[in-house]
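**Student:** Take a look at the letters that make up each chain.
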Amino acid sequence: MTATADRKASEDSPAAPTPIPLAAVVTSPGPWGTALRQIRRNRSAMASLVVFFLILVVCLLAPFYASSIAHTDPFASNVAGTTVIGGQTVPVLAPSTTGLGLGVTPIGPTWDLTHYFLGSDGQGRDVMARLLYGGRNSLLIGFSAALLCCLLAGIIGVLAGYFGGVVDGVLSRLLDVVWAFPVYLLAISLSVVLLTSGVRIGPISIGAGSLWLPVLIIGIVYVPYVARPIRGQVMALKEKEFVAAAIGVGSSDLRIMRRDVVPNVAPTVVVFLPLMTALSMLTESALSFLSVGVQPPQASWGTIINDGLDLLYTRPAVTLAPGIAIALTAVVLNLFGDGVREALDPRARLRGAG
Amino acid sequence: MSEPLLEVEDLRVSFRSRRGTAVAVDGLSFSLAPGEVLGVVGESGSGKSVSMMSMLGLIRDPNCTVEGSARFRGSDLVGMADKDLRVLRGRDIAMIFQDPMTSLTPVYTVGWHIAEQIRVHQSMSKARARARAVELLAEVGIPDPARRIDDYPHQFSGGMRQRAVIAMGLANNPSLLIADEPTTALDVTTQAQVLDLLRRLRRDHGSSIILITHDMGVVSQLADRVLVMYAGRAAEEGPRQEVFHHPRHPYTWGLLGSVPRARAPRVRRLPAIPGSPASALAVPSGCAFAPRCRFAHDQCAERPPLAGADHLDACWLPRDRRHELRHSLDEVATAAGDPGQQSIIVPATEEFE
Amino acid sequence: MVRFALARFGAAVFVLVSISVLVFLIFFATPGVDPAARIAGRNADQATLAQVQAEFGLDQPLPVRYALMMKHLFVDRDLTSFVNRGVLVIPQIVHAVPVTLSLVLGAAVLWMVVGVAMGTLAAAWRGRAADPLIVLVGVVGVSIPVYWLGEVVNLVTQSRLHDSVFSWVPPLGYVPLTQNPAQWALRLLFPWLTLAVLYAGIYARVLRSEMMGALDEDYVRTARAKGVSERRILIKHALRCSLIPIVSLFGLDFGALVGGSALLTEVVFGLPGVGRLTYTALQNLDLPVILGTVLYAAFFVVLSNALVDLVYAALDPRVRHV
Numbered sequence: 044m045t046a047t048a049d050r051k052a053s054e055d056s057p058a059a060p061t062p063i064p065l066a067a068v069v070t071s072p073g074p075w076g077t078a079l080r081q082i083r084r085n086r087s088a089m090a091s092l093v094v095f096f097l098i099l100v101v102c103l104l105a106p107f108y109a110s111s112i113a114h115t116d117p118f119a120s121n122v123a124g125t126t127v128i129g130g131q132t133v134p135v136l137a138p139s140t141t142g143l144g145l146g147v148t149p150i151g152p153t154w155d156l157t158h159y160f161l162g163s164d165g166q167g168r169d170v171m172a173r174l175l176y177g178g179r180n181s182l183l184i185g186f187s188a189a190l191l192c193c194l195l196a197g198i199i200g201v202l203a204g205y206f207g208g209v210v211d212g213v214l215s216r217l218l219d220v221v222w223a224f225p226v227y228l229l230a231i232s233l234s235v236v237l238l239t240s241g242v243r244i245g246p247i248s249i250g251a252g253s254l255w256l257p258v259l260i261i262g263i264v265y266v267p268y269v270a271r272p273i274r275g276q277v278m279a280l281k282e283k284e285f286v287a288a289a290i291g292v293g294s295s296d297l298r299i300m301r302r303d304v305v306p307n308v309a310p311t312v313v314v315f316l317p318l319m320t321a322l323s324m325l326t327e328s329a330l331s332f333l334s335v336g337v338q339p340p341q342a343s344w345g346t347i348i349n350d351g352l353d354l355l356y357t358r359p360a361v362t363l364a365p366g367i368a369i370a371l372t373a374v375v376l377n378l379f380g381d382g383v384r385e386a387l388d389p390r391a392r393l394r395g396a397g
Numbered sequence: 126m127s128e129p130l131l132e133v134e135d136l137r138v139s140f141r142s143r144r145g146t147a148v149a150v151d152g153l154s155f156s157l158a159p160g161e162v163l164g165v166v167g168e169s170g171s172g173k174s175v176s177m178m179s180m181l182g183l184i185r186d187p188n189c190t191v192e193g194s195a196r197f198r199g200s201d202l203v204g205m206a207d208k209d210l211r212v213l214r215g216r217d218i219a220m221i222f223q224d225p226m227t228s229l230t231p232v233y234t235v236g237w238h239i240a241e242q243i244r245v246h247q248s249m250s251k252a253r254a255r256a257r258a259v260e261l262l263a264e265v266g267i268p269d270p271a272r273r274i275d276d277y278p279h280q281f282s283g284g285m286r287q288r289a290v291i292a293m294g295l296a297n298n299p300s301l302l303i304a305d306e307p308t309t310a311l312d313v314t315t316q317a318q319v320l321d322l323l324r325r326l327r328r329d330h331g332s333s334i335i336l337i338t339h340d341m342g343v344v345s346q347l348a349d350r351v352l353v354m355y356a357g358r359a360a361e362e363g364p365r366q367e368v369f370h371h372p373r374h375p376y377t378w379g380l381l382g383s384v385p386r387a388r389a390p391r392v393r394r395l396p397a398i399p400g401s402p403a404s405a406l407a408v409p410s411g412c413a414f415a416p417r418c419r420f421a422h423d424q425c426a427e428r429p430p431l432a433g434a435d436h437l438d439a440c441w442l443p444r445d446r447r448h449e450l451r452h453s454l455d456e457v458a459t460a461a462g463d464p465g466q467q468s469i470i471v472p473a474t475e476e477f478e
Numbered sequence: 027m028v029r030f031a032l033a034r035f036g037a038a039v040f041v042l043v044s045i046s047v048l049v050f051l052i053f054f055a056t057p058g059v060d061p062a063a064r065i066a067g068r069n070a071d072q073a074t075l076a077q078v079q080a081e082f083g084l085d086q087p088l089p090v091r092y093a094l095m096m097k098h099l100f101v102d103r104d105l106t107s108f109v110n111r112g113v114l115v116i117p118q119i120v121h122a123v124p125v126t127l128s129l130v131l132g133a134a135v136l137w138m139v140v141g142v143a144m145g146t147l148a149a150a151w152r153g154r155a156a157d158p159l160i161v162l163v164g165v166v167g168v169s170i171p172v173y174w175l176g177e178v179v180n181l182v183t184q185s186r187l188h189d190s191v192f193s194w195v196p197p198l199g200y201v202p203l204t205q206n207p208a209q210w211a212l213r214l215l216f217p218w219l220t221l222a223v224l225y226a227g228i229y230a231r232v233l234r235s236e237m238m239g240a241l242d243e244d245y246v247r248t249a250r251a252k253g254v255s256e257r258r259i260l261i262k263h264a265l266r267c268s269l270i271p272i273v274s275l276f277g278l279d280f281g282a283l284v285g286g287s288a289l290l291t292e293v294v295f296g297l298p299g300v301g302r303l304t305y306t307a308l309q310n311l312d313l314p315v316i317l318g319t320v321l322y323a324a325f326f327v328v329l330s331n332a333l334v335d336l337v338y339a340a341l342d343p344r345v346r347h348v
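Residue numbers (the numbering used here), protein chains in the order written: chain A, 44 to 397; chain B, 126 to 478; chain C, 27 to 348.
Keep in mind that the hints were calculated from the coordinates and are not lab data.
List of simulated lysine-lysine pairs, DSS-like, C-alpha gap at most 30 Å: (1) K251/B x K262/C; (2) K208/B x K262/C; (3) K251/B x K208/B.
If you're wondering where the values come from, they're calculated on a predicted model, not measured in any experiment.
In isolation and in its complexed conformation, chain A is listed as follows:
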């Protein structure tokens, strides 16, 4: 840098930072390293991450828990089964004593991990075992849908922002339409149509009861949430000198996108990933609660809450446990996501908001 250039810079912006000494540049860990360091210092983000991994590990152990600890099949109904509590053999489903005496009352929580820790549901199935299996599915769907959504949104956002013109016009209108469609209604409409028939897109075929169906649906409905901010960012990037320079020297579009655009929007996408995972998981649970998400005999936290509805006043644990699990998981994901946002891209906003 010449002294003249230096001087000009100092006149234009008196608050410009002092040039970084060369040594600092060499040892600088780069934006990702810096962000990593900052997250490690963020106590609430780190605590959230630990809690999230605990939840994840416990849920992944579901088959082990069901077969080796609780000795139960959480997917088979056990209407006539019995279990032993305090030395006495009791039926899992007792005839109801309230109201007209119709129906059955499942046993409540035994607080004993080896059987019916959280009691049984209306079909005599172990709620604890179902909770872990359900958690596995909820987390899988939440994360996969978030990943799919960020991927689709990233592609759409980059294409629309980079090419502008007609491409942008078409893609943006498409986003507008999906944006204006209430998320739950769009998801419900898609589910209603697809749940009985499945879907076939080219070589990929998803069966009617498949878990990938909610993934696909949730992944699609949230695309505008992520694509819009990315599009804006790419448009701003295009105005930057280094992109203009790349265009000027005749780099191909693909090369510019790969070298200059994608690395610059990647942090935003990464910021959105944990937040979108939480949102997708919540949406999945709502759809399952409405019986248009995960289909029986599969379980998710949402379906268990739905199972517990009829038992709400007699056996609230069936409803309470999965709800607490959802809320806890979503809280830690959101707190961790906030930490990632502070470290990587403080201005990133989903839905123009939190």
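Based on these hints, arrange chains B and C on the given structure of chain A.
**Tutor:** Relative to the frame of chain A, chains B and C by itself:
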């Protein structure tokens, strides 16, 4: 001369942070007579703005401590309750800031801003405040003020916005106007117009003005007295003519040397002050400028007092040899093109904002 | 301003038409789905199937089918449910709208008042103990499933503590405002609170971060230099500017809720609103009703977004003059 309007004594502003205590203003003293224009110059981060803002209670950082005294018409601004200070702010002392782009609330009209300024301090009907706002806009040279008064800040150009801000400052006929880099964000023509406006204002209203700037050219056009600040301390203070024609502090030499002069012999490169400004976290215990000074010697490990009668300076060099020393500096620059001088006045990061 | 309004109106109409096309495509043109069988409902006989075929022109090309559906919905307004034979869809929706509006309007008033107050206080008290607490409440707000919270509220007010603290809580259900205003409010109280608690947290959090940004702006420093009081700075300057993004967020949320996102709350609290209508239709696979409610929802979302754009322009002069 009569009683000074503002008398600052040993003002000290420090910020506590994780990395230690940063001293932004370190024992600053000066006084300002009614109707006088004081130019305060120095690099960014030298404590010019911070000192003025701290006096007015405009620094809200809870880690900030202000000590010393600043008597305005006899009452001390330092330690004054914010409630009482607020009455003075905008009425007796107006402060306008550097960037006119962002210093007006974007959702209100220019007229609203001026009316707010008036009605905060005087009970006046909305209609009368509006009429007064039109007068003020006309006074600062906004064409068609009766119509432009309903414009929003974004509809004004940069120069017009700076004038509107000045009009706002003048609304209550303040006896002191503090202008923080009022021309920095403007192009040269507009700069000249704004300086003209300030000059007229001082003539018509008799207000005192403190003009904060890093631009020696602006100071030379307007100021009666000049205060040169370095690392939160006064390096030199005196009448404009004296400071410009017989500068005494090596730092002032550097500042004056870095202004290109049309008639001066051409130098290959603008002379620059070597090194970068002292960090507020680690101001040397002796002379703050010593690490960058060509003439630093043993005595500079001790802090020099600001000494002199009307023209004061804080330097240990023998006063009678200063002229000679300064010229030796010029010769070096002209001949060798500043070997080893990597940067000119490199602005420090504003650490206090 | 008029041109601005017209442009926004045009965009709104475009989105509305596009949504109707999208809905149509989802229900009528998804590969591998037989729309006649779906519309006719489960276990439909041949006569019903034939009737559906004829009514929706299912042997006709797609554009004709789309036109026919629109005609049924908006011109003849004679779309009928095939599950509950002969029940017209549109009057059902018209009956349900006041319930949904009552729920969402009440909740919206609550959450805006509480959210704005909390956000403003958090910004005014930044650095003090109350501030991180409000941030946490906001995170919890986005994280709790609303239907689950509703269930828990029911569990407490209708069952566990119904004999003691909450004996005054009426049973679930809806009483029209015109019939008995006191009962109307009483029955909606907990649904309002449930819906509002979550949104208030979210809004407080968003407003807080907006206001923190605003309080760092130069114009706040200018206002302070003018001698304006801290309270006036907070409200007239910082809050006024921070409300602009809040309004657009509100429009989005309000529209979505009235349009059907209140569905979960309605289901849980047994409120016969549009959301619950959709839910019941969903359980019976009553396609004509689903079709009707989804289009109604889209209409509300688009309408409220268009309104927000206008309010936005009124609030932010910079938008108006672009």
